[in-house]
Amino acid sequence: MAVNATNRAGRINDSVNNTPLLDEMDRQIILATQAGLPLAPRPYEVVAQQIGTSGEEVMRRLGRMQSLGIIRRIGAVPNHYALGYRGNGMTVWDVADEHVDELGKKIGQLDFVSHCYHRPRHPPHWPYNLFAMVHAHNRQDALQLVERIAALLGEHDRGHTVLFSTRILKKTGLRLPL
Amino acid sequence: MHRYSKNLQQTESSQLGFLEKHLLNDFQHNLPLVPRPFALLAEELGTSEQTVIETLQLLQNRGYISRVGAIFRANTIGASTLAAMAVPEDELENVAGMVNSYTEVNHNYQREHHFNLWFVATAKDETALRQVLQEIEQRSGIAVLYLPMLEDYHVDLGFELQWT
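Just so you know, the sequences run in chain order A and B.
Quick note: the first sequence uses my numbering, first residue 1, plus one each step.
Quick note: the second sequence uses my numbering, first residue 179, plus one each step.
One or more hints might be untrue.
[Unchecked claim] Below are the SDA-like pairs computed for lysine to any residue, each with C-alpha atoms no more than 25 Å apart in a straight line:
1. Lys-302(B) x Val-273(B)
2. Lys-171(A) x Ala-136(A)
3. Lys-302(B) x Arg-64(A)
4. Lys-170(A) x Thr-305(B)
5. Lys-170(A) x Gln-309(B)
6. Lys-171(A) x Glu-315(B)
7. Lys-105(A) x Arg-72(A)
8. Lys-106(A) x Ala-82(A)
9. Lys-199(B) x Gln-238(B)
10. Lys-171(A) x Ala-82(A)
11. Lys-106(A) x Arg-251(B)
12. Lys-199(B) x Tyr-81(A)
[Said to hold, decoys possible] Which stretches of chain A does chain B cover? Using the computed rule of at least three CB atoms under 8 Å from a CB of chain B, they are:
13. 28 to 35
14. 69 to 82
15. 111 to 124
16. 140 to 150
17. 153 to 161
18. 164 to 171
Hints are computed from structural coordinates only; laboratory data are not their basis.
Cβ atoms here follow ideal geometry from the backbone N, Cα and C, with glycine treated the same way.
Please construct the entire structure, taking both the sequences and the accompanying hints into account.
Here it is, written out as structure tokens:
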């Protein structure tokens, strides 16, 4: 399987010569940890015992996957609903394709935006090509954040809307497709 | 300090204790790759390893955190996409259940919009991914919007809220 890696800028690059960046042990480490690390004094050692290697090797490989950009970070995955964020809006914007990179970078830097992506539009049903997640305590606050993005975009904003989530129907960690 | 820290402390001051808040806020830094990472966190927070582990367990049990683990970058392992469907209200439960039955689907949200079902699917490659979406279309009779990430503009400073 050809695996892609990304550099720090988030750009996806093909792996050199199609050589898989992950070997079988990397995959076993991912499989063993994707539901979470064991909350034990020596978590990497516990994982190592499950897959028959050493804790040092698990740490080394996790560090390598981090430096390759396959792993963004290792840490607590917060549940924003439980933490009091009730105004979670997916804001979507229609901006000219030739400006999307420049505008996306500006929005991606805003401190109230957790994710900012360029995605394809599907006219006529879906005209939007820029997505930004905003998180606030309630909808009123979230709508103010949407207005701040609109002000930043100015005349580049050819149309936008915000979709609030009303229910989480499923949320699991990544299931490695193997 | 982290971007969400201030808000967190304002909102949750009545519900979360000092250590819990710090464990959440300070987790913007990576869990260190050392033999006893929780001991290192404990040292920084002036408490014991056991207390850190118990507190993280409590946060997890209460649902404030879903897990402590690695966050993978989209599209580095296999292929993934955001997808959306406009499902008639009276079919929503059934269609959502059918979509959720796929192990390839890891997130699924109901949103207030004509496109009211939004999910993230991950498969071993793009062909397999498209096959899942096609199957969902065929079984539901409802078109699936295919919205893969083309570019990621977010500067990840850590403690991100996990979405897609």
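Do the hints match the structure? See the list:
As the CA atoms of Lys-302(B) and Val-273(B) are separated by approximately 24 Å, the hinted pair is consistent with the 25 Å bound. Only pairs whose Cα atoms come within 25 Å are accepted, and Lys-171(A) paired with Ala-136(A) is accepted, the gap being roughly 20 Å. This hinted pair checks out: Lys-302(B) and Arg-64(A) have alpha carbons roughly 21 Å apart, not beyond 25 Å. Proximity of Lys-170(A) to Thr-305(B) is assessed by CA-CA distance (about 23 Å); at most 25 Å being required, the pair is judged to hold.
For a cut-off of 25 Å, the pair hint linking Lys-170(A) to Gln-309(B) stands: about 20 Å separates their Cα positions. For a cut-off of 25 Å, the pair hint linking Lys-171(A) to Glu-315(B) stands: about 21 Å separates their Cα positions. Proximity of Lys-105(A) to Arg-72(A) is assessed by CA-CA distance (about 18 Å); at most 25 Å being required, the pair is judged to hold. In summary, the hint linking Lys-106(A) to Ala-82(A) is not supported, as the alpha carbons are separated by about 29 Å, beyond the 25 Å threshold.
The hinted pair formed by Lys-199(B) and Gln-238(B) meets the criterion: a straight-line CA distance of about 13 Å does not exceed 25 Å. With a CA separation close to 13 Å, the supplied pair Lys-171(A) and Ala-82(A) stays within the 25 Å bound. Restraint check for Lys-106(A) and Arg-251(B): the C-alpha separation of about 21 Å stays at or below 25 Å, so the hint holds. About 15 Å separates the Cα atoms of Lys-199(B) and Tyr-81(A), which keeps this hinted pair within 25 Å; it holds.
Counting residues of the stretch 28 to 35 of chain A whose CB lies closer than 8 Å to any CB of chain B gives 4, which reaches the minimum of 3, so the coverage claim holds. By the rule of at least three residues with a Cβ nearer than 8 Å to a Cβ of chain B, the coverage given for the stretch 69 to 82 of chain A holds, with 13 such residues. Requiring three or more residues with a Cβ within less than 8 Å of a Cβ of chain B, the coverage given for the stretch 111 to 124 of chain A holds, as 11 such residues are present. Look at the stretch 140 to 150 of chain A against chain B: 0 of its residues bring a Cβ nearer than 8 Å to a Cβ of that chain, fewer than three, so the hint is violated.
Beta-carbon proximity to chain B at under 8 Å applies to 1 residues in the stretch 153 to 161 of chain A; the threshold of 3 is not reached and the given coverage is violated. For the stretch 164 to 171 of chain A, the assignment as covered by chain B holds, since 8 residues bring a beta-carbon within under 8 Å of that chain's beta-carbons and 3 suffice.
When held up to the earlier numbered hints, the structure conflicts with 8, 16 and 17 and fits the remainder.
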